[in-house]
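The lines below spell out each chain.
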Amino acid sequence: MTKRSSQMDSGSGVSLGARLIVAAPYLWLLGFFLVPFLIVLKISLSESAIAQPPYLPVLDLTAGLRGLRDFVSGLSFTNYFTIAGDDLYLFSYLKSLEVAAVSTTILLVCGVPLAYAMARAPRAAQPLLVTLVMLPFWTSFLIRVYAWINILQRDGLLNQALIRLGLVEEPTTWLATDTAVYIGLVYSYLPFMVLPAYASFEKFDESLLEAAADLGCPRWRTFFVITLPLAWRGLAAGALLCFVPIVGEFVVPDLLGGSEATMIGQTLWTEFFANRDWPAASAVAVALLVLLLAPIAIYQHLQTREIKVRQ
Amino acid sequence: MTSGPAPSSDLPAEPLVRFESVSKRFGNVAAVDRLSLDIYSNEFFALLGPSGCGKTTLLRLLAGFERPDEGRIMLGGRDIAATPPHRRPVNMMFQNYALFPHLTVAGNVAFGLRQDGLAKAAIAARVEEMLALVKLEGLGHRRPDQLSGGQRQRVALARSLAKRPQVLLLDEPMAALDRKLREQTQFELMELQARLGLTFVIVTHDQSEAMTVAHRIAVMDRGRVVQAATPAEIYERPQSRWVAEFVGDVNLIEGIVLKTDAGEAVIGDKRGRRYRVAADVAAGAQISIALRPEKIRIHAGPAPPDAPNTMRGKVCDVGYLGSVSTYKVQLDDGVVVKATVANVARTSGEILRTNDNVWLSWPPDAAIVLTA
Chain A
65 MTKRSSQMDS
75 GSGVSLGARL
85 IVAAPYLWLL
95 GFFLVPFLIV
105 LKISLSESAI
115 AQPPYLPVLD
125 LTAGLRGLRD
135 FVSGLSFTNY
145 FTIAGDDLYL
155 FSYLKSLEVA
165 AVSTTILLVC
175 GVPLAYAMAR
185 APRAAQPLLV
195 TLVMLPFWTS
205 FLIRVYAWIN
215 ILQRDGLLNQ
225 ALIRLGLVEE
235 PTTWLATDTA
245 VYIGLVYSYL
255 PFMVLPAYAS
265 FEKFDESLLE
275 AAADLGCPRW
285 RTFFVITLPL
295 AWRGLAAGAL
305 LCFVPIVGEF
315 VVPDLLGGSE
325 ATMIGQTLWT
335 EFFANRDWPA
345 ASAVAVALLV
355 LLLAPIAIYQ
365 HLQTREIKVR
375 Q
Chain B
6 MTSGPAPSSD
16 LPAEPLVRFE
26 SVSKRFGNVA
36 AVDRLSLDIY
46 SNEFFALLGP
56 SGCGKTTLLR
66 LLAGFERPDE
76 GRIMLGGRDI
86 AATPPHRRPV
96 NMMFQNYALF
106 PHLTVAGNVA
116 FGLRQDGLAK
126 AAIAARVEEM
136 LALVKLEGLG
146 HRRPDQLSGG
156 QRQRVALARS
166 LAKRPQVLLL
176 DEPMAALDRK
186 LREQTQFELM
196 ELQARLGLTF
206 VIVTHDQSEA
216 MTVAHRIAVM
226 DRGRVVQAAT
236 PAEIYERPQS
246 RWVAEFVGDV
256 NLIEGIVLKT
266 DAGEAVIGDK
276 RGRRYRVAAD
286 VAAGAQISIA
296 LRPEKIRIHA
306 GPAPPDAPNT
316 MRGKVCDVGY
326 LGSVSTYKVQ
336 LDDGVVVKAT
346 VANVARTSGE
356 ILRTNDNVWL
366 SWPPDAAIVL
376 TA
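So the protein lines, in turn, are chains A and B. Position 131 (the first sequence) corresponds to 195 in the working numbering; numbering is contiguous. Position 120 (the second sequence) corresponds to 125 in the working numbering; numbering is contiguous.
Chain A extracted, bound-state conformation (with noise of 0.2 Å):
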């Protein structure tokens, strides 16, 4: 339209400094996200081989043109194939994908209401609730995943207390349990699921809530039909922040879980150091990101569409 607008489409007025800051983020992205994949990729395509490294092929640059093509040829989707062929994998990454809902699901029930009764507490009380929220994350995380062993283990903390309290005779089996994956899953993750949707409902216009009682709507039921669909992409946010890294999670089903049905973080840990296997854990590494693009879209899609509607 006018003068400014069109210098800043050819970018002929941009100086050196202000694209390197544009350029930052997707530097950072290509060095440390794309390059690694790419890698990693690369090496599910290959052969395990005894060698160092421990696969087949690598690129020989000294042998030119004909390396290149040796390489290009050595490359198969043989381990892709090993993985859907194998129960063991299929099972693996269902198994990572119902704890996940699950553990998410109850981090939902727990963290909502949570962040609502923060966000509705009083002014001056609020960043005091935010520091305990985020308190845990001063002491080493697998300090505090060892600190739940103790506390779940047979002569631990909790059966102690259910004896004195008189709820069981026995002390109950809580280690190497799924009880005690989505214990420590739920404790790890809830300041995840808590923060977003604490900043959804703080911004909240509480004129709205008002507005919804004079229209004779009650208190409960206001929850549901104002408050909820305008903190929904808060909660989203909180959601995916905790279902993505559950379903990759190795540390709390491998310290806290038991070794019936292991989830895929640790099949993918026992490829890659048990067997040695590099290609293969790189394969279920592929996999594993492909199957979380899928909440990630449907996430930015609706988001998207949201931002649509509204223009």
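Be aware that a few hints might be false.
To be verified - What follows is a list of derived Cβ distance ranges for each label pair:
hint, chain 1, residue 1, chain 2, residue 2, range
1, A, THR169, B, GLU19, 52 to 58 Å
2, A, LEU199, B, GLY143, 52 to 58 Å
3, A, GLY81, B, LEU182, 42 to 48 Å
4, A, VAL354, B, GLY143, 22 to 28 Å
5, B, ASP183, A, GLY81, 39 to 45 Å
6, B, ARG200, A, ALA82, 56 to 62 Å
7, B, PRO94, A, ALA189, 32 to 38 Å
As the list claims (entries may be wrong) - Coverage of chain B stretches by chain A, computed from C-beta distances (three or more under 8 Å per stretch; other residues unrestricted):
hint, region
8, 38–48
9, 112–126
Since the hints were made in silico from the structure, they are not lab data. Note that CB positions come from ideal geometry on N, CA and C, so glycine has one too.
Chain A is already provided as a structure; the job is to place chain B on it using the hints.
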């Protein structure tokens, strides 16, 4: 200026809304302080006062968002102080409109009707009716952020009227509109109120708005009603210096009643001037004379010898406002009196200039004597 019934002259016996010595405190501050007030059916009633006077708190008490610490709030003869807002037959139009951003215009208007569990067809018909009422036909599918400020205001109005409330509460409904739109909306509100036969209670800090729309005005100060009356009564017969100064411009002259005779008092100020004022006051009382600027006549030459209450002075400031001009006239002893003159001729505004010598006069019935 008011349309429909003017309830001041013939108020029905039973008020629709009655505040009975209601108090509401926030911490140590009494936002509403032992306040009593009656609002009648079919009235367009305004709560007017400076910010912090408690007018919005009073409105929120009526809506149910605040509970009174003391006193009773009666609606149609029933105490509603403990009734939650969603069970009150009262609807509010919020200052920021509080439209639900995730619902369409029609969804917003239908919201209250849905709470009552009305049939879909009935809701749709009512929404159409309401949108037509506020002249927003065909915009039902839009979202609030696709509307202009004036359109949003109309949606808020339609939404608050959709349930046919016994009382419609309006919290500074025109604060966000520009002046032209505000004036137009004021007349539309008056027309709506008369047509629907509802009781409107409006909160405003804008006195001209209150005087334009309302049948009666309650002027509030520090949690109390200082005067509740028709706009004309409040302007022409304020009960206290505070009301006289808050509503419109006024010259206040302090003095003592020297003598009274047949409804006319002679008042002397501390500089020895004498004034004749039509008032029924006891001799010897300490009073203030309240004199509206437009009731003072201003003469370029010496006032006629029979003119009452003449004063001589010099123009020290001229404010040309188009329809009227205001003159600040400094009297010989330094006191400044404000006088307003309608610019009846196109050249009226050019006659008097700063530093011109002028004479002021006003008839005995132009001023009012205030003892409070």
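field: Broken hints, by number
entry: Going through the list in order, the structure violates hints 4, 8 and respects the others.
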